[in-house]
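Using the hints, put the two chains back together into the complex; each one sits in its own frame.
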Amino acid sequence: MSHYLPLIGILLLLLGFALRLNPMLVATAAVLASGMLGGMALEQVISEFGKAFNDNRIIAIVWIILPVIGLLERYGLQARARGLIASLRNATVARLLILYLLYRQLTAAIGLHNTAGHAQTVNPIVAPMALVAAEKQHGPLDEHTAQRVKAMTAATDNVGLFFGEDIFFAIGSIVVIQQALAARNIELSPVDLALWAIPSAIAAFLIHSTRLVLFDRSLRRAAP
Amino acid sequence: MTPAPALLTLEHLYWIVGAMFAAFSLLSLFDRTSRKARGNAIFWGLMAASLIGGSRFGDFGNGLIVLGLVGLAGFGFTGRSSPKTTSEVERQAFADRRGNWLFMPALLIPLVVLIGTFAFHFTPLGQANLFAARRETYFFLIAGVFVALLVAQLWLRPPLAAPLQEGRRLIDAIGWAAVLPQLLVAMGTVFDKAGVSGLIREGTLAMLPPGNLFLAVLVFALGMAMFTIITGNAFAAFPVMASAIAVPLLIDTHGGNPALIGAVGMLAGFCGTLMTPLAANFNIVPVRLLELRDPNAVVKAQLATAIPMFAVNVALIYFLAF
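Top line first, the protein sequences correspond to chains A and B. Under our numbering, the residues of the first sequence are numbered 3 to 226, in order. Under our numbering, the residues of the second sequence are numbered 116 to 437, in order.
Since the hints were derived computationally from the structure, they do not count as laboratory data. Glycine is no exception: its CB is placed at the ideal position from the N, C-alpha and C atoms. Wrong hints could be hidden among the right ones.
[Stated by the list, open to error] So these bits of chain A aren't anywhere near chain B, every CB distance computed over 12 Å: (1) Arg91; (2) Asn92; (3) Ala93; (4) Arg97; (5) Leu101; (6) Leu104; (7) Glu137; (8) Lys138; (9) Gln139; (10) Gly141; (11) Pro142; (12) Arg219; (13) Arg222; (14) Arg223; (15) Ala224; (16) Ala225.
[What the hints assert, rightly or not] Calculated lysine to aspartate or glutamate pairs in the EDC-like style (CA-CA distance at most 16 Å, straight line): (17) A:Lys53 to B:Asp307; (18) B:Lys199 to B:Asp146; (19) A:Lys53 to B:Asp174; (20) B:Lys308 to A:Glu45.
[What the hints assert, rightly or not] These stretches of chain A come out as covered by chain B in the derived footprint (C-beta under 8 Å, 3 or more residues): (21) 28-34; (22) 66-80; (23) 109-118; (24) 121-127; (25) 202-211.
One chain only, chain B, in its complex shape (with noise of 0.2 Å):
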């Protein structure tokens, strides 16, 4: 028997980021001081068809969504927005005015999150079949968000559209790299289902001479790290190093945790994260957002900490796993 299905799911999550994709992509549409006004208004429009109606387009219409996005921002139709904001000098003396309390609507955010997991786990309210299973912290995010939009409203008492066109300048400045993760978890899927998983298994299992531990648990970390690189995922590259090395040689044949391989393996991946520009949110979302020149800034950045952090993980692995 299947449990009846929650009172609010995913679908209606996604109506609500929906709804404001929608929102960002009509305000494009009468932004008469963008060049790049009608490709942004196309690609959030795009963004909220998926999210709206991706259920009900089957899987050959959301692909072509998937293109439509990536053709608008391949070839250069998308760029920053300057909706009508307050100046540097108007924002100082806002800031003035209203002191620390400036930050409260921020903290409200993770204050809504934090009481909402608890009550959802130490009341009845959890039993209470709301949500979709195991994704409370989502719908507490949406909660929280909406507190903090609507004390700041009213404290604020901004246009009624300032929300709105504040959070364009905000994705407009992000750009296409707000999409880039999830279209990178979907090439590793398709990837996973054109073979490129089990070649790359072949291949590690070749070269790896049997009987050394110390090196099948570097190839292993060395694995989850150059498969996060490329992919800039570390989700896609566990199930093909687990697979492939992981779980024949270190567990099966060696006899090692397999907790303790999963969860250093894992972050072993993300090491592999901070040195890839391919991991749009991390490191190109960051680059937009500060107006960083270098594109690698970050990435840079990260790498002094990136490479100890990698040798600490194999370590970890090598001398506590066995």
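Chain A with its partners taken away, still in its complex shape (with noise of 0.2 Å):
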């Protein structure tokens, strides 16, 4: 019974999950508790935490645009792409964010997946231009539509980066599904698996843009 302990950790993450604790925390208590019931010792698991830490700092990478986007946003990036959709007589919501979408799921298929992002465009463009967008289908916003229409966009970059990324065959998806095969002695190609997410990839497309129409009609009827 006694090797089933290191599951330990899971059901850590799964209360302070549930209690809504601080996620750093929980997934550390859950290394330590994890690592020590495995047999490791405390000095151990947090060499083997350090260096798995340590050998994954090309994630961090992706932060390095803040300071460009942070500098637009202080000359206006976020008035003039209100402006913009302004001016377009015929936006709306869904037109707007099923253009973004597709533009996500084309852009993360060519490999250019970190150029856009929450920070990146979502935050300093289309949020702003959903919420004119809205506007102009609804009349002026309350506080709890304003956040339906952020998280909305927020969702939708979401389902266009995660549903078109691994189109693309040089990306760590790619990499961690051809080592774990790899290991099995199943070799493939990035191109055989980067074709096979071509048919996920449509449906979401479908799917999600069917959703953001349904959206509109919502915040249409919803116009007091």
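Structure follows, in structure tokens:
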């Protein structure tokens, strides 16, 4: 029975999750518990944790984009994004976000996944645009509706990224798949894997676009 | 024979990004307006140390850096800052004056990455051994950022420290959510070493009745999604579920197409990413930046896309892989 003890780490994660504790603390508690119950000494767990953190520093590189975006925000990037949509007579939230979904999927599919995102495009450009488009359909937005529009914009970015990036063959997740299967003596080319990401990408575009059109309708219906 | 190391390695990239975090840390130190400035200074200082010196501190030293980051973030020593910036009225005036050209520096970044990547693959540049293997995109990303920064600096003529102060404003708005993804990947690695993955493998295999193809596909996809929800990362889920179910059952026993099962299985995991607040980069960072009141607002907005997409991925594997 005792060899199941490391699973307590997973239980801690679920518990911390349910109690809405800080995820950094919860994850670390889970690591220490699982590691020590799995037979490692405390010092060894800390070392393994530090080594793995250090081996994955590449994840932090994307934040290099913040100074440029912050600078452009200082000079009115968000205001300009709002102005652009205000000048388009037929803009709606759905039209804007479907266009952005397509842009995000296509650019992610050719390896530009790091050039858009919540800090890069959603907060400075697309969310301000979506709010103006929503005002055109709905009239002045109450706080609840504005929050819904912003959350939907962020969701659209994630859907576009997740169901676009795997079409690009040189991305991390493709490498993970390739290496995990190579460890079991199944050799695959990245291009084979990337091709099979296309059907899901098309389905994601259709499903999420349908939701956006329905979202538009609910905005119009709720117009005062 | 090992190939000669490239002219620019990942280590160089870490130094550049580390220098940026060091600047955030220093500027926080001189910030007298925010109560959390001291905590922010230490937090980003530790990130800078990890990026710049991580290869020299040894595993235990790096572990202590991680514990420091966790302690500061977990007990509330970090928080938003408000470096001096322009007012909403000034921003509107700038926007009216500069027009759509304001988008240009932001668009320069993908343009540089695109041109760089093309040049890398279709000209002799790719053979020059300039960049660490298969990581050229990151080098072009940083090059694009510097080009955009240079253009913006020459055109807009901001105070010299403005890019770093504005960057600090954004990174403090994001806070520890900027570090969580790296921490979670590390967590997955330690879980694996502690035998957690093996136990999950045993458990799922014990639950499955033999010979039922649909159930095997469903448990594989469900395992990908659930494990991703719990750990916040589909990358950690894949090796576990591949060696537990995909390879022995779907590929070896039922003769499924490995490329399809691998690719679509990973996407089933991504449906889990859409449903978990632990996927900080995607589901917490926007909550912070867009100032959403409900911390789960983005996850909730994604559920109605994630659930049908999960069904689509299960169907794709079941109907096309065999």
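If we take the beta carbon of Arg97 (chain A), is the closest beta carbon in chain B still more than 12 Å away? Arg97 (chain A) is indeed farther than 12 Å from all Cβ atoms of chain B, at 18 Å.
Does Ala225 (chain A) clear chain B by more than 12 Å, comparing its Cβ with all Cβ atoms of that chain? Consistent with the label, Ala225 (chain A) stays out of reach of chain B, its closest Cβ about 20 Å off (over 12 Å).
Pairwise hint evaluation, Glu45 (chain A) against Lys308 (chain B), where the allowed Cα distance is 16 Å at most: 14 Å, holds
Quick one, are Lys53 (chain A) and Asp307 (chain B) close enough, alpha carbons at most 16 Å? Measuring from Cα to Cα gives roughly 14 Å; hence the hint holds.
Taking the closest pair, is the beta carbon of Gly141 (chain A) still more than 12 Å from chain B? Answer for Gly141 (chain A): holds, closest chain B Cβ roughly 21 Å.
Against chain B, does Gln139 (chain A) hold up as non-interface, every C-beta pair farther apart than 12 Å? It holds; Gln139 (chain A) is separated from chain B by about 18 Å at its closest Cβ, greater than 12 Å.
Is the claim that Ala224 (chain A) lies outside the interface with chain B correct, judged by CB distances over 12 Å? 16 Å, holds
May I ask you to check that Pro142 (chain A) keeps its beta-carbon over 12 Å from the closest beta-carbon of chain B? 17 Å, holds
Regarding the assertion that Lys138 (chain A) does not contact chain B, is the least Cβ-Cβ distance greater than 12 Å? Holds, because the least Cβ-Cβ distance between Lys138 (chain A) and chain B comes to about 19 Å, which exceeds 12 Å.
Exclusion check [Asn92 (chain A) not at the chain B interface, CB over 12 Å]: Given a closest Cβ separation of 18 Å, the condition holds.
How does the segment 109-118 of chain A fare against chain B when you require at least three residues with a CB closer than 8 Å, holds or violated? holds (count 7)
Check whether three or more residues of the segment 202-211 of chain A sit with their beta carbon closer than 8 Å to a beta carbon of chain B. holds (count 5)
Going through the hint list in order, the structure satisfies each hint without exception.
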